[in-house]
Amino acid sequence: MSEILRVENLRKSYDGFLAVNGVSFAVAKGELKALIGPNGAGKSTCFNMLMGQLKPSAGEVYLDGQRITGKRPREIWRRGVGRTFQITGTYQSMSVIENVQMALMSHHKRIFSIAPRAWKLYRDEAFEFLDTVSMADQADRPCSVLAYGDLKRLELAIALCHRPRLLLMDEPTAGMAPSARIELMQLVADIVRDQGVSVLFTEHDMDVVFAHAHHIMVLNRGELIADGSATEVRNNPQVQEVYLGGGTLFKEDANA
Amino acid sequence: MAFFFAQFLTGLANAAALFLVASGLSLIFGVTRIVNFAHGSFYMLGAFIGIVLMDLLPGHVDFWGAILLTGLAVGLIGAVVEMVVLRPIYRAPELFQLVATFGVILVIQDLALMIWGAEDRLGPRAPGLRGVWRIFGEPVPKYDIVLIAITPFILFALWYLIARTRLGVLVRAATQDREMVGALGVNQAWLFTGVFALGSALAGLGGALQLPKGGADLLMDFNIIGAVFVVVVIGGMGSLPGAFIASVLISVLNVFGVTYLPQSTLVLMYVVMAVVLIVRPYGLLGREEVAGEHGQVGAPETPIRPYGPKGMALVAALLTLLALLPAFAEPFVLTLVVDMVVFALFAASLHFILGSGGLVSFGHAAFFGGGAYAAALLVYHTGTPMELAFLFAPLAAGLLALGIGWFCIRLTGVYFAMLTLAFSQLVWSLAFQWRSVTRGDDGLVNIWPADWLNGSVPYYYFALAFGVGGILFLRHVIHAPFGYALRAGRDSPRQAEATGIDVKRVQFVAFALAGAMAGLAGGIFVFSKGSVFPTELEIAKSFDALIVVFLGGVKTLAGGVVGASFMTVVEDWLVRLEYWRLLLGLVIIAVVIVMPEGIVGTLRTLWRRIRHSDEEAV
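Protein sequence lines, in the order shown, are assigned to chains A and B.
Just so you know, our numbering puts 32 at position 37 of the first sequence, and the rest follows in order with no gaps.
Just so you know, our numbering puts 734 at position 537 of the second sequence, and the rest follows in order with no gaps.
If you're looking for bench data, these hints aren't it; they were derived computationally from the structure.
Cβ atoms here follow ideal geometry from the backbone N, Cα and C, with glycine treated the same way.
Misleading hints may appear alongside valid ones.
Unchecked claim - Listing some non-contacts, in silico: residues in chain B with all C-beta distances to chain A over 12 angstroms: (1) 423; (2) 498; (3) 529; (4) 553; (5) 674; (6) 681.
Unchecked claim - The calculated lysine-lysine pairs, modelled on DSSO-like cross-linking and capped at a C-alpha distance of 30 angstroms, are: (7) B:410 <-> B:339; (8) A:24 <-> A:50; (9) A:50 <-> A:28; (10) B:701 <-> A:104; (11) B:339 <-> A:115; (12) B:507 <-> A:104; (13) A:50 <-> B:701.
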C-alpha cells in the first residue's frame, strides 16, 4: 500500500514550549485515519502545520512523495489537499450554494474574472456537491442562518470542490447531535470508498473513531504514543493510562 | 550642543500633553473599539474650560486646582456624550461609531464658537513658574522643566491604574474579550461609560496642562487629532509605554524639524509612522490584533443579488429623470447634480473596498485628489488636450493606488487605516509644498474642458455618463467572481486561503481598482470646477467619503451612492446658515442613532417588516 502523506519528525515550539515534539507517521492511499488525544495534546497544531497555517519548527511533510513543508495553504490546496476547520470557516454574507460556487470558481481559476455574474456560474455543479452532503434542499438559504451541524457539512462540500486526494478534517463532528455525527462520518466513509480520497481526522468522540477509522493514532503531550488498528490501540497500556476517564469503553470493547 | 539640548527639553515638555491625550484615546479604543475622532475636541474643551476655571478660582489653588477640575469637567462631558450618542449604537457594524464621533466634533466646534468666540486665547502662566532657567547657558522655560518632571509620574499613575487596580483588571479584560467580561457579570455599559469618561478626562487634562505654552483656539481639535492617532499607532494600540515613547519621539522630532527642516513639519510624523508600520506592522510595543472572525456585531449581511425588474425600473426611471433634467432645471441645479455624481462615484469607490473587502481606508482622498491633480498638471504644464488629460486621471490614480497598496495591504484593521492615512498625507504635503510644480495652496486654475464640452449642459451629460458609468461598473464587478472573491477574503480569510484564493492579491487589485475609480471622480471634478487645490487631498476629504459610506450603509450595495447624494443635498441646504456645523453634526448624530444600519440598510429592514416577507419563517 503506497502512502499519500508522510510526516517525519514534525516539531513545533512556542517560546520553548514543545506543542508537537517529533511526530512521525504516514497515511496510506484510500485510508480513513484518526488522530486522537486529550485536549492540548497537539492535534490542531499538527493539522495547522500539515495545511500550512503554521510553519513547523522542524521536520518534514511529504504529499505523495513531494515535499510540502512550510508551503502556504493555497499552494497545498493546489496540490490536492482539502481541509475543514475545528471552528467552521464559511462565507457568512453568501448563500449556501454561493459558498460552494465560490470554491468552484477558485477550482476553475476564475477568481479574477470581472465579466460574468458569479451567482450564475457553476450552479449545477455546486448542486451536485451539496447533494453529496445532503444539503441541496438548503441551497438558497443565507449561510448565516444555518445550524452548526449544517455548516460542518457545507464546509465538507467546499473542501471537496477541488477534488482533493487528501482531506484533513479537524473535529468534523464537534458540536453535532449523536445521530448527526454517525450520519456525517458514514458520509465521509462513503467518500473515501467511492472516490478514493484519503482522510485524516481528529475527533473526541470515541464511538465515531472506533466505528469508522481504519487506523488510529494517539497523541499525548506532543508525542505519538500509539499508531495502529483499533484493537492494538485499545490494548495499548499507555493509551489506557492517558484515557483513564474513558477506561470502561476500552475494557468492555477489548474482548469484542 | 547647549542649544541642541535645550531643543530636546522643549520636545520632552511638549510630549506631556500629547501623551495624556494619546493615552486617553488608546484606552477608549482598547476597551470600546471606538475610533474616537472627537478626542481632539475634548482636548480643546479642556483648554477653554481650563481658562475659565483659572479665572474663577481664587488664591493660589487657582492654577493647579483648575487643571484638575478641568479634567473632572471634561470627563463628565465625555460621560454624557457616551451615554447619549454612543450607547445606542454599540450594536451597529464595526467602526460605525466613528461617524457619530465625527458629528460630535462638528457640534462641539460650533458650541465652542458660540460660547468663547472666534478669538484665540492666551493661556495664564503658572504661578511661580513664569521665567526661565538657564541650562548650559540656554534659556528653558521653568514650566517646561516642571512638565518634564511630572510626565513620568503621570505615566506611572496610569500604569498603576491599569496594572494594579480592579478597574485596571476590568479594562484589560475587556480589551481582550468584551463578551466574556459581560458574561462574568460586569456591567458593560457602565464600564464603557467609565472608560470613555476617563479617556476624555485625560484629553481635558492635556488641554489644560498645555495652556501656558499654547493657549486655546478653535483649531486645536483638528491640529492635535492627527498627531494623537499617529502616537497611538506608532506606540501600538493599547500600549501605555508605547504611547509614551511615541509621544516623546514625535514631539522631539517636531521641535528639531521646525528648526532644521521647516518644510518637513507638515508631514514628518506621518513619514515616521509609515516607516514604523512598514517595519513593525503593529507599532513599537503593540501586539497583533486577533482577527475576530466570529466577533461580528449586528445583523449578518444578507446575500447580494442584482436588482430585479422593480429595482431596475426604479434605477431606469431615476436615470431618465437625470437625463431629462437640463430641459427644465436651472443651471445651479445641474451643478449640484454634477457635484452629487462626483461625490457618489468617490464614495462608491471607497465603499467597494470597505464594504466588499473590509478594508477601511482613511486616506482615500489621495486617489480622488491624485486623479484631479494628474489631469490638471498635464493641462497646466503641457497643454495636453482635455480628453487625453481626463483619461489620465483614473490611470494615474490607479498607479498611485498600486504603489500605496503594495505597502498597506499587508496590514489589517486600524493599522491598515492609519498607513493609508499616512500615505495620503504624504501626497497632500507634496501638493502643498512642491510649489514649483503644483503652485502649493494657490492651486492649479484654468483647467477647463474642451470646447465641445464647455457649458453647463454638455458637461452635465459628460459627468453623468462617466460618473454613473463608473458606479455601474463597480456594481457589476461586485456581482462578478472577483467581487465574490473579495467578499470571501473578508468573511473568512482562513477558508479563502485554504481553497486557493490569494486573499492579499485580490485585495491589492481591488485597492488599485478603487483608486482608479476615485481618480475618475477626481477627473470629472477638476474639469467641472476648472481648478484644484490641496484641500481635495486633505484628511477631511477622506473622512467625508468614509462618513457618507457609513451613513448610507456599509452592508448595502447602494450605501455609498445614497449616502453621498443625501450629504450633498443636506450640506447644500445647511451651509447657508450661520451655525451650520452644529446642525450638520446634529443631523449626522440623529441619522446614526435612528438608522444604525445606515440609511439604505434601515429602510430595507423596515420595508421587509412591512411586507412580512421574512424568508426564514418559511
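Residue 339 of chain B and residue 115 of chain A were given as a pair; does the straight-line alpha-carbon distance stay at or below 30 angstroms? Not satisfied, since the Cα-Cα distance of roughly 74 angstroms exceeds 30 angstroms.
Are all beta-carbon distances from residue 553 of chain B to chain A longer than 12 angstroms? The assertion about residue 553 of chain B is violated, with a minimum of 9 angstroms to chain A.
Would residue 681 of chain B pass as off the interface with chain A, using Cβ distances and a cut of 12 angstroms? For residue 681 of chain B, whose nearest Cβ neighbour in chain A is about 4 angstroms away, the distance does not exceed 12 angstroms, so it is violated.
Hey, residue 507 of chain B versus residue 104 of chain A, does the alpha-carbon distance stay inside 30 angstroms? 34 angstroms, violated
Straight-line alpha-carbon gap residue 50 of chain A to residue 701 of chain B, limit 30 angstroms: OK: residue 50 of chain A and residue 701 of chain B at ~19 angstroms, within 30 angstroms.
Residue 24 of chain A and residue 50 of chain A were given as a pair; does the straight-line alpha-carbon distance stay at or below 30 angstroms? 25 angstroms, holds
Please settle this one: residue 423 of chain B was flagged as non-interface, so is its CB more than 12 angstroms from every CB on chain A? It holds; residue 423 of chain B is separated from chain A by about 34 angstroms at its closest Cβ, greater than 12 angstroms.
Looking at residue 674 of chain B again, its CB stays over 12 angstroms from all of chain A? 5 angstroms, violated
Are the Cα positions of residue 410 of chain B and residue 339 of chain B separated by 30 angstroms at most? Holds, at about 11 angstroms.
At 12 angstroms, judged by beta carbons, does residue 529 of chain B keep clear of chain A as stated? 38 angstroms, holds
Within a Cα-Cα threshold of 30 angstroms, do residue 701 of chain B and residue 104 of chain A meet the stated pairing? 16 angstroms, holds
Does residue 50 of chain A pair with residue 28 of chain A here, judged by a C-alpha cut-off of 30 angstroms? Answer holds: residue 50 of chain A to residue 28 of chain A is near 23 angstroms, not above 30 angstroms.
Checked against the numbered hints given earlier, the structure breaks hints 2, 4, 5, 6, 11 and 12 and satisfies all the rest.
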